[in-house]
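Number of protein chains: 2
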Amino acid sequence: MSPRIDCLQYANWSEKIFRQMREGGLDAVHVTIAYHETFRETVLNIERWNRWFEQYPDLIFQGEWASDIDKARDSGRTAIFFGAQNPSPIEDDIGLVEVLHKLGLRFMQLSYNNQSLLATGCYEAEDPGITRMGRQVIKEMNRVGLVVDMSHSADRSTIEAAEISERPIAITHANLHSWQPALRNKRDDVLRAVVENGGMMGFSLYPHHLRGKSDCTVDDFCAMIATAAERFGAEHFGIGSDLCQDQPDSIVEWMRVGRWSKEIDYGEGSASAPGFPPQPAWFRDNRDFGNIESGLRKTGFSDSEVAGLMGGNWRRFFETNFIPAKPTPDM
Amino acid sequence: MSPRIDCLQYANWSEKIFRQMREGGLDAVHVTIAYHETFRETVLNIERWNRWFEQYPDLIFQGEWASDIDKARDSGRTAIFFGAQNPSPIEDDIGLVEVLHKLGLRFMQLSYNNQSLLATGCYEAEDPGITRMGRQVIKEMNRVGLVVDMSHSADRSTIEAAEISERPIAITHANLHSWQPALRNKRDDVLRAVVENGGMMGFSLYPHHLRGKSDCTVDDFCAMIATAAERFGAEHFGIGSDLCQDQPDSIVEWMRVGRWSKEIDYGEGSASAPGFPPQPAWFRDNRDFGNIESGLRKTGFSDSEVAGLMGGNWRRFFETNFIPAKPTPDM
Numbered sequence: 001m002s003p004r005i006d007c008l009q010y011a012n013w014s015e016k017i018f019r020q021m022r023e024g025g026l027d028a029v030h031v032t033i034a035y036h037e038t039f040r041e042t043v044l045n046i047e048r049w050n051r052w053f054e055q056y057p058d059l060i061f062q063g064e065w066a067s068d069i070d071k072a073r074d075s076g077r078t079a080i081f082f083g084a085q086n087p088s089p090i091e092d093d094i095g096l097v098e099v100l101h102k103l104g105l106r107f108m109q110l111s112y113n114n115q116s117l118l119a120t121g122c123y124e125a126e127d128p129g130i131t132r133m134g135r136q137v138i139k140e141m142n143r144v145g146l147v148v149d150m151s152h153s154a155d156r157s158t159i160e161a162a163e164i165s166e167r168p169i170a171i172t173h174a175n176l177h178s179w180q181p182a183l184r185n186k187r188d189d190v191l192r193a194v195v196e197n198g199g200m201m202g203f204s205l206y207p208h209h210l211r212g213k214s215d216c217t218v219d220d221f222c223a224m225i226a227t228a229a230e231r232f233g234a235e236h237f238g239i240g241s242d243l244c245q246d247q248p249d250s251i252v253e254w255m256r257v258g259r260w261s262k263e264i265d266y267g268e269g270s271a272s273a274p275g276f277p278p279q280p281a282w283f284r285d286n287r288d289f290g291n292i293e294s295g296l297r298k299t300g301f302s303d304s305e306v307a308g309l310m311g312g313n314w315r316r317f318f319e320t321n322f323i324p325a326k327p328t329p330d331m
Numbered sequence: 001m002s003p004r005i006d007c008l009q010y011a012n013w014s015e016k017i018f019r020q021m022r023e024g025g026l027d028a029v030h031v032t033i034a035y036h037e038t039f040r041e042t043v044l045n046i047e048r049w050n051r052w053f054e055q056y057p058d059l060i061f062q063g064e065w066a067s068d069i070d071k072a073r074d075s076g077r078t079a080i081f082f083g084a085q086n087p088s089p090i091e092d093d094i095g096l097v098e099v100l101h102k103l104g105l106r107f108m109q110l111s112y113n114n115q116s117l118l119a120t121g122c123y124e125a126e127d128p129g130i131t132r133m134g135r136q137v138i139k140e141m142n143r144v145g146l147v148v149d150m151s152h153s154a155d156r157s158t159i160e161a162a163e164i165s166e167r168p169i170a171i172t173h174a175n176l177h178s179w180q181p182a183l184r185n186k187r188d189d190v191l192r193a194v195v196e197n198g199g200m201m202g203f204s205l206y207p208h209h210l211r212g213k214s215d216c217t218v219d220d221f222c223a224m225i226a227t228a229a230e231r232f233g234a235e236h237f238g239i240g241s242d243l244c245q246d247q248p249d250s251i252v253e254w255m256r257v258g259r260w261s262k263e264i265d266y267g268e269g270s271a272s273a274p275g276f277p278p279q280p281a282w283f284r285d286n287r288d289f290g291n292i293e294s295g296l297r298k299t300g301f302s303d304s305e306v307a308g309l310m311g312g313n314w315r316r317f318f319e320t321n322f323i324p325a326k327p328t329p330d331m
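One line per chain: the protein sequences are X and W, in this order. Per this note's numbering, the very first residue in the first sequence carries number 1; after that it's consecutive. Per this note's numbering, the very first residue in the second sequence carries number 1; after that it's consecutive.
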């Protein structure tokens, strides 16, 4: 049986949510451990996760390798894989790429909405592409097995990253721009550059990325997936729900503004609706992954396609991309 | 064949020294990565080691588990295990114990000459024993598999650490105080507390710890080992040479004074001889481990005792003390 994997969540973690992961049959979840955090702050977040791993060993453990997905399944738990939505945790120090990979970081976005030291974010007016440091860091990420994630990056930077990277890159959470023209959703030419180099995209359930937002139907969501599969091949896709369960609205403000501005920025929200939008009724939380699976079946995907989309494709991607490029003699 | 292990070095690392480790037949070396460094500074030192591992993959690699000693032997390399001579890398944050263990730290001294947040150093006038935080940190070190090292700690603190710790502790580098009454060498009652709880001591080749200092003979050194073996059992001992090869004298000043004093402190040296003392002729560097082995044989140790003292005993200690206390279900 194929695993069930969600390739992006940033919830207000609690025992309740870890239990819901089990109810939803999730074998692995990629969780965000940094938005704007420095290295030391990211380590503090890892320490918090370590306490949860110690507190709830029957529900969760830290995932590091694809084989941990099988361990999770075999022991009825969920493997938690770390990712960063911004390169802020490496600061200006390329040596931190390997250190953070050692601590379990498996995805890192090269930019989050804004220009970073490495690449341009999707909200900038200009996108000069991958920077000098960006090229060096992509090479180092390739070497150690830290996956380049371009979910919040601008188009040119994303296409260049896909081409510069010697290993496949990911867009862990976004949808088709042609379906819902949000700034965060991906145009076909961007997606093509990613999949042509072996990359993958996870479909987002964040209402601002959905056609009709909170009112989007599961049928329409699955029809969008069918379109993507037709255009690019179903094997390049999975789920990256972007679930931000139980988070107070102060968190969406932290995500959007961090410490980079004294003025408020509403991102995909607005002054009249600044907070987290309500989830669609058919995807409230981790317990509802079955609704997506049924939707995919109803849309006409084959059993093996459904298995791939629900986690098999991410499993394959984890397998080849989390390990060092050239295993050293002792591995 | 038993491995050859040195359980403490702090050299001015270079390709030359890594090659000498191979010439000396060393399968594993415990290297110091922090004296007074903060967490971030310790991570910078780890980054430097990562570059050496990348540069010299045919000579060295990072050791994490006892099995890496065998890997080293099988591939003709030296496994480098990390240790800290001070708890400064964990600052005031107990969560950093697990983070540093994950990054490969395997030994941590609870104090270095001075009072620390955890314990008292051997140069303090008063030794109030293990502190409140010290008790918590020992428990956490026991949980994750980070070995308590009391080489530079005061007597009462050392005895208490041996008793409080639920796993054996180590004195990675020191000699018998009864043989050479240096402040850093260990009295019998201190050593007894350590070995009675399954702990170990590594014999030091640092001239200030030797009878006759730089003029100490290999015969006298091995006679001291025979005395220790008679009193406490040969299985509790190994080598921890404290080799500081090719270090400029500015480094011994950093070791002694760090940032804690504006005045110079000569430690085991003196105003007239403030620098590193010359090594004895029979132990210049890593190439001379064979001289110790011959000396031990000449002193009358059996083959199996010699094998244990040269590395077999540390191998056994690494095997049981670097892994978490209670392996989680996925291990």
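If you're looking for bench data, these hints aren't it; they were derived computationally from the structure. Some clues are possibly wrong.
Just so you know, same-sequence chains aren't split out, so a pair can sit in one copy or run between any two.
[Unchecked claim] Here are the simulated DSS-like pairs of lysine-lysine, each with C-alpha atoms no more than 30 angstroms apart in a straight line:
#	residue 1	residue 2
1	Lys326	Lys16
2	Lys71	Lys213
3	Lys298	Lys326
4	Lys213	Lys298
5	Lys139	Lys16
6	Lys102	Lys298
7	Lys102	Lys139
8	Lys102	Lys262
9	Lys213	Lys102
10	Lys326	Lys71
11	Lys213	Lys16
(message) Taking the earlier hints as the rules, which of them does this structure contradict?
(response) 2, 3, 6, 8 and 9
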